[in-house]
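Enquirer: Start from the sequences and build out the full structure, keeping to the hints where you can.
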Amino acid sequence: MAAANRSTTLAALATVIMIIPAVAMAAQHIVGDTQGWNVSVDFKKWAGDREFYVGDILVFNYNKSHDSVIQVRSGPDFQACVPLGDILDSGNDKVGLDTVGKRWFISGVAAHCADSQQKLVVDVEGVAAAAPGSGSTTPVSDPNTNAAAYSVAAGGFVAAAAAASVALAIVLA
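Letter by letter, the sequence shown follows residues -26 to -1, 1 to 147 of mature numbering (1 follows the signal peptide of the UniProt record, and there is no 0).
If you're looking for bench data, these hints aren't it; they were derived computationally from the structure. The structure displayed is predicted, hence computed values, not measured ones. C-beta atoms are modelled at their ideal positions from N, C-alpha and C, and glycine is treated no differently. Heads up, a few of these hints could be off.
Distance ranges between label pairs, derived from CB positions [what the hints assert, rightly or not]: (1) 63 with 7: 14 to 24 Å; (2) 90 with 61: 11 to 21 Å; (3) 57 with 14: 13 to 23 Å.
Capping the alpha-carbon separation at 27 Å, the derived lysine-lysine pairs in DSSO-like fashion look like this [stated by the list, open to error]: (4) 19 with 68; (5) 76 with 18; (6) 19 with 76; (7) 18 with 93; (8) 68 with 93; (9) 18 with 38; (10) 76 with 38; (11) 68 with 18; (12) 93 with 19; (13) 68 with 38; (14) 19 with 38; (15) 76 with 93; (16) 38 with 93.
Expert: Okay, here's the thing in structure tokens:
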């Protein structure tokens, strides 16, 4: 009986250890950094300065009485500022990047999209892998990136490491 429990615990521990790198690599991207989602940001440049991976989260911060975000379904709708898609209007919207491929977002205010180019496209890649031989899986931020954007990655790593420690303590007991 004890051997069966130990095998189950070891399997759980192995699973936790395998997911630690994926959890640790997830990043939270504050769209537009401190300026948020508004017409003064060059979102093409903003997105070009970053890499987006499955598991990352986009956070759109804006004044909800003056704007919204629409996640459109296609590149042509994005280019033409066609407002067909999921409407985000809380002023603090979080969008999980759960699949590989392009994701398109436009302002819910037609003139903001058409005249001011308030729109964002991100190209989501597969789960980021740690560089061979690197001891750290925490994303490296540049000085132009909001440091708080990576808080989810650190918190996820700590939680996964704590779970692994508890499982190991049970196995060794």
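Enquirer: Determine for every hint whether it applies to the structure shown.
Expert: The hints, checked one at a time:
1. 63 with 7: 14 to 24 Å: Check passed, 21 Å falls within 14 to 24 Å.
2. 90 with 61: 11 to 21 Å: 19 Å, holds
3. 57 with 14: 13 to 23 Å: At 21 Å between Cβs, range holds.
4. 19 with 68: 21 Å, holds
5. 76 with 18: Roughly 13 Å between the alpha carbons, so the hint for residue 76 and residue 18 holds.
6. 19 with 76: 16 Å, holds
7. 18 with 93: Since the Cα atoms of residue 18 and residue 93 sit roughly 8 Å apart, the hinted pair holds (cutoff 27 Å).
8. 68 with 93: Holds, at about 16 Å.
9. 18 with 38: 22 Å, holds
10. 76 with 38: Roughly 25 Å separates the two Cα atoms, so the pair holds.
11. 68 with 18: 19 Å, holds
12. 93 with 19: 11 Å, holds
13. 68 with 38: 14 Å, holds
14. 19 with 38: 24 Å, holds
15. 76 with 93: 13 Å, holds
16. 38 with 93: Distance of about 16 Å is within 27 Å: holds.
The structure fails none of the hints (numbered hints given earlier).
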